[in-house]
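The listed protein sequences correspond, in order, to chains A and B. Going by this note's numbering, the first residue of the first sequence is number 5, and it counts up by one from there. Going by this note's numbering, the first residue of the second sequence is number 6, and it counts up by one from there.
Please note: incorrect hints may appear among the correct ones.
Not everything, but these chain B residues come out facing chain A in the computed CB check (under 7 angstroms) [claimed, not checked]:
#1 Asp-27
#2 Tyr-31
#3 Arg-149
I should point out that these hints are in silico values taken from the structure, not numbers from a laboratory. Predicted model only: the values in this text are computed from it and were never measured. Yeah, the Cβ is synthetic: ideal placement off N, Cα and C, and Gly gets one too.
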Amino acid sequence: MQLPEPYFSRGFKPAVFVLALLPLALLGWGVWHDTLGANPIETITRSLGEWGLRFLLLTLLLSTLRRQIGWGQGLRLRRMLGLFAFFYGTLHLLSYLWLDQFFDWPEIGYDILERPFITVGMLAFVLMVPLAATSFKAAIRRLGRDWQRLHRLIYPLSLLGVLHFWWLADSKARTDMPLVYTVLLLALLGERLWQWRQQRQRQQR
Amino acid sequence: SAAGLPLLANAATDEASTPYDDITQYNNFYEFGTGKEDPAKHAHLLKTSPWSVTVDGACAKPGKLTLEDILKPHPDQERIYRLRCVEGWSMVIPWLGFPLADLLKRFEPTSQAKYVRFETLVDPKQMPGQKRQVLEWPYTEGLRIDEAMHPLSFIATGLYGKALPGQNGAPLRLVVPWKYGFKSIKSIVRISFVEQEPHTSWGRSAPDEYGFYANVNPDVDHPRWSQRKERRIGEFRKRDTLAFNGYAEQVASLYSGMDLRKNF
Chain A
5 MQLPEPYFSR GFKPAVFVLA LLPLALLGWG VWHDTLGANP IETITRSLGE WGLRFLLLTL
65 LLSTLRRQIG WGQGLRLRRM LGLFAFFYGT LHLLSYLWLD QFFDWPEIGY DILERPFITV
125 GMLAFVLMVP LAATSFKAAI RRLGRDWQRL HRLIYPLSLL GVLHFWWLAD SKARTDMPLV
185 YTVLLLALLG ERLWQWRQQR QRQQR
Chain B
6 SAAGLPLLAN AATDEASTPY DDITQYNNFY EFGTGKEDPA KHAHLLKTSP WSVTVDGACA
66 KPGKLTLEDI LKPHPDQERI YRLRCVEGWS MVIPWLGFPL ADLLKRFEPT SQAKYVRFET
126 LVDPKQMPGQ KRQVLEWPYT EGLRIDEAMH PLSFIATGLY GKALPGQNGA PLRLVVPWKY
186 GFKSIKSIVR ISFVEQEPHT SWGRSAPDEY GFYANVNPDV DHPRWSQRKE RRIGEFRKRD
246 TLAFNGYAEQ VASLYSGMDL RKNF
């Protein structure tokens with residue numbers, strides 16, 4: 005299962021990095037060749053948001069993979085994938101601020117206060133900022149145990165991200181994708197809860 | 006009708022029509038699926054010939070009419086209307102068809118006919134989106150009788166001078182340009198004159214979001230998004246949404262004395 009070290013860090017990891025940029029490249033290609041449909045801005049905003057969510061789920065998946073199938077090497081991709089979640093989340097937010105609102109700040113403020121799906125999305129983004137800001141080695145060392153505690157924010161912020169997707173769904177009838185993400189996220193969080201209970205039972209014995 | 010002519014002249018738009026491909030490939034027609042591209046993908050399954058329409062309720066001449074019977078007395082007219090979707094996008098569409106009032110008058114509605122109720126075809130074989138209960142089928146919509154008789158209310162049978170594609174509601178679809186697009190029911194198979202305000206599919210699905218009137222109104226937000234602006238398909242910057250979608254001069258009097266925040 006484990007790749008020999010040189011293959012992992014010189015081949016696999018850079019390949020994942022390039023793959024993670026592919027969605028952005030495809031959107032760029034789509035803009036250039038006008039293949040994003042009748043409403044390309046909507047396509048771009050939604051796609052960026054969904055990729056943000058997907059990278060959050062992938063980030064959460066890595067430790068589950070270690071526990072469940074013993075693939076521990078993947079954990080070394082975790083920071084990169086987490087930063088990609090932040091990257092796509094940031095682009096998603098920018099596309100809303102620029103292409104949707106054209107930096108109309110009063111309107112944006114009103115949206116954040118009055119529209120639950122914007123409130124929740126914005127909150128998810130804000131919670132990602134400290135995680136991205138403390139993703140480098142010096143911060144990890146300095147924060148020690150607090151670093152782990154801080155980075156548990158990924159659980160609530162992922163839930164907020166999925167909720168943002170539910171409440172956005174432009175009609176109540178169109179809920180297939182929010183449901184898919186909810187099921188995946190609950191499976192990932194459920195596995196952690198289960199692990200945590202197992203551990204506590206073991207400690208009690 | 007002659008009385009409608011100056012009113013129609015004022016309602017004409019010189020805005021550029023949205024390209025045919027956008028009008029026919031970016032649709033909300035959940036009978037074919039909930040994605041915007043689904044209707045264009047699946048509408049070939051719809052058989053529009055033979056087609057018949059049942060007319061019933063409070064009228065002197067109810068009956069079941071073939072599509073040919075429906076169309077025969079009405080010469081084609083072109084109407085270039087703005088279409089504003091409740092989701093916040095808009096188009097300009099050159100429809101082909103005839104005034105709804107001209108059709109309705111043939112059935113001689115009685116004084117009990119306070120509202121008109123419309124139904125879309127139900128047939129999951131032709132409309133695969135109906136295999137799932139995402140909305141209440143048949144899709145049902147309605148208008149108050151004076152709204153239905155208004156000269157802007159239109160039955161479309163074509164666009165851009167061609168027959169109406171399935172994804173746009175062939176063979177008969179309603180067009181009510183001052184209301185959000187979901188009021189403009191597609192692929193109509195039943196028209197009923199009724200005394201009570203009819204239930205609508207969207208009204209049943211989310212009554213706090215989709216009111217019976219659904220007049221385009223920049224001052225009444227959808228609970229989940231603002232209606233102040235809209236993206237005209239093909240344009241980069243957003244436009245301000247206009248009261249009654251820019252047809253206030255023609256239709257605002259229909260609602261004088263009504264609280265449009267309550268009757269959204």
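Against the structure, the hints come out as follows:
no. : hint    : verdict
1   : Asp-27  : 4 angstroms, holds
2   : Tyr-31  : 4 angstroms, holds
3   : Arg-149 : 24 angstroms, violated
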